[in-house]
Amino acid sequence: MSDQTLPRIPAAASRYLSRIPGVAFILLAMVVAFQVGNPRFLSTVNLANVGLQASLLMMLALPMTLVILTSGLDLSVGALIGLAAVIIGSLLLAGWSTFTALAAAAGSGIVVGLLNGFMISYLRLPAFVVTLGTMGLCEGLALALTNGEPIGGFTPAVEAFYRSAVFGVPTPVLGAAAFYGILSLVLYRTRFGIYIVAIGGNKDAVHLAGIRADLVHLAVYVVCSVSVAFSAVLLLGRANSAHPTVAIGMEFEAIAAVVLGGTSFEKGQGGLFGTVLGVLAITVLRNGLNLLSVDPSLQVVCVGLLLIAALLIDRNRKRVVTRIAE
Amino acid sequence: MTITQTSLFHTQPTVPVPVLVRLVMIVVICLALSVISPAFATIDNGLNLLRQASLLFLVASGLTLVIIGGGLDLSIGANLTLCACLSASAIKYTGQPMAGVAAALACGTLIGLTNGLLINRLKIPPFLATFGMLWVAQGIAYWFMAGQVIYGFSPAFRFFGSGFWLGVPVPIWVMLAVGAGCLVFLTRTTVGREVYVMGANEAAASLSGIPIARRRMLLYALSGVAAGLSALIYVARLNAAEPGIGEPLLLPAIAAVLVGGTSLFGGSGSIVGTLLGAIILTLIVAALNLLNVGSAWHPFVTGAIVLLAMLGDAFAARGTRR
Numbered sequence: 001m002s003d004q005t006l007p008r009i010p011a012a013a014s015r016y017l018s019r020i021p022g023v024a025f026i027l028l029a030m031v032v033a034f035q036v037g038n039p040r041f042l043s044t045v046n047l048a049n050v051g052l053q054a055s056l057l058m059m060l061a062l063p064m065t066l067v068i069l070t071s072g073l074d075l076s077v078g079a080l081i082g083l084a085a086v087i088i089g090s091l092l093l094a095g096w097s098t099f100t101a102l103a104a105a106a107g108s109g110i111v112v113g114l115l116n117g118f119m120i121s122y123l124r125l126p127a128f129v130v131t132l133g134t135m136g137l138c139e140g141l142a143l144a145l146t147n148g149e150p151i152g153g154f155t156p157a158v159e160a161f162y163r164s165a166v167f168g169v170p171t172p173v174l175g176a177a178a179f180y181g182i183l184s185l186v187l188y189r190t191r192f193g194i195y196i197v198a199i200g201g202n203k204d205a206v207h208l209a210g211i212r213a214d215l216v217h218l219a220v221y222v223v224c225s226v227s228v229a230f231s232a233v234l235l236l237g238r239a240n241s242a243h244p245t246v247a248i249g250m251e252f253e254a255i256a257a258v259v260l261g262g263t264s265f266e267k268g269q270g271g272l273f274g275t276v277l278g279v280l281a282i283t284v285l286r287n288g289l290n291l292l293s294v295d296p297s298l299q300v301v302c303v304g305l306l307l308i309a310a311l312l313i314d315r316n317r318k319r320v321v322t323r324i325a326e
Numbered sequence: 327m328t329i330t331q332t333s334l335f336h337t338q339p340t341v342p343v344p345v346l347v348r349l350v351m352i353v354v355i356c357l358a359l360s361v362i363s364p365a366f367a368t369i370d371n372g373l374n375l376l377r378q379a380s381l382l383f384l385v386a387s388g389l390t391l392v393i394i395g396g397g398l399d400l401s402i403g404a405n406l407t408l409c410a411c412l413s414a415s416a417i418k419y420t421g422q423p424m425a426g427v428a429a430a431l432a433c434g435t436l437i438g439l440t441n442g443l444l445i446n447r448l449k450i451p452p453f454l455a456t457f458g459m460l461w462v463a464q465g466i467a468y469w470f471m472a473g474q475v476i477y478g479f480s481p482a483f484r485f486f487g488s489g490f491w492l493g494v495p496v497p498i499w500v501m502l503a504v505g506a507g508c509l510v511f512l513t514r515t516t517v518g519r520e521v522y523v524m525g526a527n528e529a530a531a532s533l534s535g536i537p538i539a540r541r542r543m544l545l546y547a548l549s550g551v552a553a554g555l556s557a558l559i560y561v562a563r564l565n566a567a568e569p570g571i572g573e574p575l576l577l578p579a580i581a582a583v584l585v586g587g588t589s590l591f592g593g594s595g596s597i598v599g600t601l602l603g604a605i606i607l608t609l610i611v612a613a614l615n616l617l618n619v620g621s622a623w624h625p626f627v628t629g630a631i632v633l634l635a636m637l638g639d640a641f642a643a644r645g646t647r648r
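The listed protein sequences correspond, in order, to chains D and V. Everything in the first sequence is counted per my numbering, starting at 1 for the first residue and increasing by one. Everything in the second sequence is counted per my numbering, starting at 327 for the first residue and increasing by one.
Calculated directly from the structure, the hints in this document are not laboratory data. Some hints here could point you the wrong way.
[Unchecked claim] Per label pair, the in silico range of CB-to-CB distance:
id: 1; chain 1: V; residue 1: 509; chain 2: D; residue 2: 32; range: 52 to 60 angstroms
id: 2; chain 1: V; residue 1: 485; chain 2: D; residue 2: 296; range: 33 to 41 angstroms
id: 3; chain 1: D; residue 1: 99; chain 2: V; residue 2: 617; range: 34 to 42 angstroms
id: 4; chain 1: D; residue 1: 32; chain 2: V; residue 2: 474; range: 30 to 38 angstroms
id: 5; chain 1: V; residue 1: 485; chain 2: D; residue 2: 155; range: 53 to 61 angstroms
id: 6; chain 1: V; residue 1: 470; chain 2: D; residue 2: 48; range: 56 to 64 angstroms
id: 7; chain 1: V; residue 1: 362; chain 2: D; residue 2: 207; range: 46 to 54 angstroms
id: 8; chain 1: V; residue 1: 616; chain 2: D; residue 2: 97; range: 35 to 43 angstroms
id: 9; chain 1: V; residue 1: 352; chain 2: D; residue 2: 48; range: 40 to 48 angstroms
id: 10; chain 1: V; residue 1: 362; chain 2: D; residue 2: 99; range: 42 to 50 angstroms
id: 11; chain 1: D; residue 1: 296; chain 2: V; residue 2: 360; range: 44 to 52 angstroms
id: 12; chain 1: V; residue 1: 490; chain 2: D; residue 2: 295; range: 56 to 64 angstroms
The structure displayed is predicted, hence computed values, not measured ones. A virtual CB, placed ideally from N, CA and C, is assigned to each residue, including glycine.
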């Protein structure tokens with residue numbers, strides 16, 4: 001009911017205001033608070049650090065936005081990035097070329113994406129349980145490949161890539177920014193992007209309009225899994241080792257970032273820019289809590305509380321805006 | 327599945343064909359395992375397997391109720407972890423087993439109620455609310471334990487997990503009691519029948535006067551209580567509590583519910599199915615151990631079972647639609 005009254009708001013400014021996700025205000029408040037708490041927060045070194053930490057999460061959260069726009073969910077990303085890291089790491093250790101290792105990781109992403117997409121799109125099974133199942137598959141494979149031990153000691157090239165910088169900006173940050181640009185073009189400037197949003201709205205209607213909705217829906221999961229598999233490089237570079245289960249839990253931060261950014265599980269609402277804000281909010285929160293030396297396990301709890309706070313703001317603001325409109 | 331759907335309002339259960347199918351599966355696996363290993367077909371081993379199944383069933387029982395009601399609870403494993411850690415430290419602190427029981431049940435209920443509240447008030451999908459709760463509870467448990475393991479409990483408390491009554495392990499008695507309770511709730515009470523209606527069609531259920539929000543709170547609270555109860559049994563059996571114990575149980579619990587024939591789309595399923603599903607899953611793990619398959623493969627196998635069970639669910643649903 002509020003949707004119908006929204007366009008009647010006279011002031012363009014308040015309409016614009018209502019589009020900013022609640023997380024933007026929280027992000028601003030956190031930056032101010034952490035800077036006051038620790039003056040080193042806004043230093044160049046720390047900002048580069050925040051950027052590096054955000055780039056990996058960005059690589060997971062951006063494709064997750066596409067998935068959530070189709071009213072879906074991918075819980076397998078955390079386990080898949082672990083599996084891809086293990087695959088890349090063990091191939092590099094065995095003396096294969098970087099290209100082969102990346103191709104094998106991409107292959108694992110394609111297989112997982114096809115499996116997820118087929119069961120969710122064609123068989124119309126609930127995404128959260130399908131991807132929970134594939135999460136088990138990936139986790140088990142990664143554990144079995146490594147016997148549960150972390151592997152390390154491969155070429156320093158991976159870590160060098162992660163630590164490198166172009167004009168003072170870390171390469172992973174540039175990579176994540178380029179990825180944002182590409183996905184924005186795909187989502188907002190191509191038919192494929194329009195179909196993605198439309199599938200979230202009403203898949204049957206897209207199908208009846210003569211579009212191969214099932215195929216587009218499947219492609220979204222493949223895109224997500226493949227880009228997640230490639231981001232394993234960042235994970236490898238960060239720790240310079242591959243641990244089969246280290247990334248499990250990252251799917252929570254990725255989903256939290258998307259939801260924080262205002263993307264809704266219903267009706268294909270939301271967008272990529274909100275996700276960028278969500279990723280920044282989570283990374284800033286974690287970084288700030290680190291500087292205040294808060295226990296890492298409590299940081300996860302704080303991410304959960306942040307999510308609830310943002311949802312509460314978004315929900316109540318809608319109510320306030322509706323009241324103004326009336 | 328067909329049967330529960332068509333006989334929604336019958337209090338008299340009809341011949342449960344899905345139950346028969348699962349019983350046959352159990353018999354076939356047992357026969358195969360007895361051929362592989364002569365030590366398999368003994369009463370001791372049978373009781374041991376049932377005791378393992380009882381823990382899985384307890385976790386899955388609350389989940390079954392939630393899924394029949396059209397929801398999902400991904401937080402059960404982490405909830406179990408937190409309950410286990412809190413109750414273990416309550417016992418150590420006070421020296422009273424009952425303090426641990428109270429702590430576990432209170433913590434489980436509280437987390438369940440919070441799940442229900444998040445879904446009702448924030449209007450977010452159940453999988454999102456409970457998935458967030460998973461990580462929050464897990465985080466609190468890790469922080470609370472600070473890398474410690476609490477172990478060594480009094481025999482009075484350990485009785486819940488490793489004791490015997492009339493020659494049968496106590497967890498099996500608990501499993502039977504909880505199973506019977508759920509069965510009566512789902513098939514013989516008005517509220518239980520309302521859960522099926524709610525899961526089948528929430529809008530219709532709401533229009534026919536079922537208080538959806540309150541029923542939802544009840545279901546998630548029951549799921550939390552089940553997690554608290556399983557935590558007690560688990561701690562009493564392991565004689566230790568640490569923050570890694572609960573989370574690996576989530577996938578097997580979902581697998582047990584799905585193998586038991588409860589549909590993820592809500593509105594159909596049974597607690598007896600989940601009981602059989604838990605037994606089947608325990609037998610599969612026993613088979614993996616007999617065949618010397620490393621424990622690293624367990625998540626892979628459980629994931630595959632979840633996917634296969636969903637495929638079966640999808641094709642069964644397709645069959646009834648035609």
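Right, here's what the structure says about each hint:
1. 509(V) / 32(D): 52 to 60 angstroms: holds, 57 angstroms
2. 485(V) / 296(D): 33 to 41 angstroms: holds, 37 angstroms
3. 99(D) / 617(V): 34 to 42 angstroms: holds, 38 angstroms
4. 32(D) / 474(V): 30 to 38 angstroms: Taking Cβ atoms as reference, residue 32(D) and residue 474(V) lie about 37 angstroms apart, which means the hint holds.
5. 485(V) / 155(D): 53 to 61 angstroms: holds, 57 angstroms
6. 470(V) / 48(D): 56 to 64 angstroms: violated, 34 angstroms
7. 362(V) / 207(D): 46 to 54 angstroms: holds, 49 angstroms
8. 616(V) / 97(D): 35 to 43 angstroms: Once the Cβ atoms are compared, 41 angstroms apart, the range 35 to 43 angstroms for residue 97(D) and residue 616(V) holds.
9. 352(V) / 48(D): 40 to 48 angstroms: violated, 59 angstroms
10. 362(V) / 99(D): 42 to 50 angstroms: holds, 45 angstroms
11. 296(D) / 360(V): 44 to 52 angstroms: About 48 angstroms separates the Cβ atoms of residue 296(D) and residue 360(V), which means 44 to 52 angstroms holds.
12. 490(V) / 295(D): 56 to 64 angstroms: With a Cβ separation near 41 angstroms, residue 490(V) and residue 295(D) fall outside 56 to 64 angstroms, so the hint is violated.
Of the numbered hints stated above, those contradicted by the structure are hints 6, 9, 12, listed in ascending order.
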